[in-house]
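Novice: Now for the letters of each chain:
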Amino acid sequence: MERCVVVGASMAGLRAAEAVRKTGFGGEVVVIGDEPHMPYNRPPLSKEALLGTAPADLAFRVPRAAQDVTWRLGERATGADLDARTLTLAGGETLEWSGLVVATGLTPRRLSLPGPAAGRHVIRTLDDVVALRKELIAGARLVIVGAGFIGCEVAAAARVADVEVDVVAPEQVPVERPLRAELGRALQRRHEAHGVRFHLGTVPVAYLGTSRVTGLRLSDGTELAADVVLEAVGCVPNTGWLEGNGLDLGDGVQCDNLLRVEGRPDVVVCGDVASFPNLLFDDVPRRVEHWTMVTDTAKRAGATLGRHLVGEPADPAPFAPIPSFWSDQYDLRLQSFGAVGLGADDVRVLEGDLDADVAVGYHREGRLVGVVLIGLPQRYQHYRALIAGSAARS
Amino acid sequence: MRITVDLAKCQDHGQCVYSAPTVFALDAEGKLAFRTATDGDRYRSEDLDESLRDDVEEAADACPLQAIMVED
Ligand SMILES: Cc1cc2nc3c(=O)[nH]c(=O)nc-3n(C[C@H](O)[C@H](O)[C@H](O)COP(=O)(O)OP(=O)(O)OC[C@H]3O[C@@H](n4cnc5c(N)ncnc54)[C@H](O)[C@@H]3O)c2cc1C
Ligand code: SF4
Chain A
1 MERCVVVGAS MAGLRAAEAV RKTGFGGEVV VIGDEPHMPY NRPPLSKEAL
51 LGTAPADLAF RVPRAAQDVT WRLGERATGA DLDARTLTLA GGETLEWSGL
101 VVATGLTPRR LSLPGPAAGR HVIRTLDDVV ALRKELIAGA RLVIVGAGFI
151 GCEVAAAARV ADVEVDVVAP EQVPVERPLR AELGRALQRR HEAHGVRFHL
201 GTVPVAYLGT SRVTGLRLSD GTELAADVVL EAVGCVPNTG WLEGNGLDLG
251 DGVQCDNLLR VEGRPDVVVC GDVASFPNLL FDDVPRRVEH WTMVTDTAKR
301 AGATLGRHLV GEPADPAPFA PIPSFWSDQY DLRLQSFGAV GLGADDVRVL
351 EGDLDADVAV GYHREGRLVG VVLIGLPQRY QHYRALIAGS AARS
Chain B
1 MRITVDLAKC QDHGQCVYSA PTVFALDAEG KLAFRTATDG DRYRSEDLDE
51 SLRDDVEEAA DACPLQAIMV ED
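Just so you know, the sequences run in chain order A and B. As numbered in full-length UniProt numbering, residues 1 to 394 make up the first sequence, in order. As numbered in full-length UniProt numbering, residues 1 to 72 make up the second sequence, in order.
There could be a bad hint or two in this list.
Straight line, CA to CA, 20 angstroms or less: simulated SDA-like cross-link-like pairs of lysine to any residue [said to hold, decoys possible]: (1) B:K9 x A:R42; (2) B:K31 x A:G375; (3) B:K31 x A:D331; (4) A:K22 x B:D54; (5) B:K31 x A:L332; (6) B:K9 x A:T53; (7) B:K9 x A:A56; (8) A:K134 x A:R212; (9) B:K9 x B:Y43; (10) B:K9 x A:W291.
Quick partial rundown of chain A residues pointing at chain B, CB under 8 angstroms, derived from the structure [unchecked claim]: (11) P63; (12) Q67; (13) R177.
Hints listed in this document are in silico derivations from the structure and should not be mistaken for laboratory results. The structure presented is a predicted model; accordingly, all values stated were derived computationally and were not measured. Glycine included, every Cβ here is placed at the ideal spot set by N, Cα and C.
Pulled out of the complex, with its shape left as it was, chain A reads as follows (with noise of 0.2 angstroms):
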């Protein structure tokens, strides 16, 4: 019998299975997964979760078109031969299938640095918040490492926790990278007067205390008193497995517009690991953490597997989804529409107040590529459309 072997049992194998399944495949569909739970929603895990939301409520819902998959959880990927098309698992079993979804997401970067393991956190998956959580009682000191989304949404549920926040980055300006210095400093504001403690343009270079770490050292030569430390300094894609083929494994696996390897009609990828071009923009494969990108990918890639298996034709029309990406911090809402990095060089405010309601715009060769708004959200469907329209091909 035919089958379809996903490798990646979260939001992205969840919804690649569905779309399989929807093209009329009617052979096995295997979801193969090292998480022990079936699939659940990531965002709340650095926002309400942190603050006590149980975690079945973060569970997704099995769609209809779902319900006979085969969920292996608790099991790993460690290996697949894309010719022979097999896949290995960390129990030795060979697992021979006829269509490959890639859905194995990121796993977050950890800090090599001297010092003792106890106390350390990262942030990607349930259990990690389980361990999280129970260390963030009111008083105790957290120091986060990184400035970037994650570390800033932890650092304000954190406040509103009552626990006490430092947090640590090299740039000079909290999430400098993504939103550029403009926004960055506007955020940094709000965090302040939250009461949040910022150490930027330094790094830690160690950890201190014996058996549990009760401190880090500082490049700057300060040491700052900790009582937990969560590292939120980015993730890596999990391609491990897939060495040895011939794929390009650079950042990501790389695909094209349909979401297929290159010369492989049998081999999608989706999620977070995907790296593809998006015609709205130009024909460069990009990787992309959003959410939202994660269905709009997930969709397409399990289309295009499926019709492949069915033996129709792969659908015609170009790939060109509107990237959308939001973030919660205290009782602000930030939401971005486009792509705010292709148009780093060039940010303008576009209306309202950078330390009040605020949309800014992000253009590429003057033309405008990514908004990102605070609060204002009566303006989004507006700044949607206008990126929809604009963003095209420079």
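Use these hints to put chain B with the ligands onto chain A, whose structure you have.
Specialist: Only chain B with the ligands this time, still in chain A's reference frame:
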């Protein structure tokens, strides 16, 4: 077919509007328009035409808070 929206979960992201524009809308303040159609935490729609199923299922998938339920 009917849909229900858990208005306590919904945070007015508006993603549903792009998936099913004939069913969902945001009001002038950028809030989900169903909020004014009910005073409780749960909105339940009238019977919707079966032809809208794909769109509302897409909206349910696209909702960041997973606040939309499609009943059979
Ligand atoms: C804390 C947090 C907050 C976020 N907040 C926001 C937000 O506010 N807004 C926003 O737009 N986006 C946000 N995101 C991003 C969004 O959640 C991700 O884009 C999305 O979860 C990616 O889904 P995925 O299925 O591609 O990858 P993942 O969710 O990483 O899933 C991959 C799965 O594959 C498994 N796996 C990996 N390797 C193997 C293997 N070899 N064998 C078997 N299984 C394997 C992993 O264990 C994992 O379960 C956030 C992410 C995190 C972590
Ligand atoms: S997508 Fe979800 S959160 Fe957003 S407005 Fe619709 S129901 Fe509410």
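Novice: Which of the numbered hints above does this structure break?
Specialist: Checked against the structure, the hints that fail are numbers 12 and 13, while the rest are satisfied.
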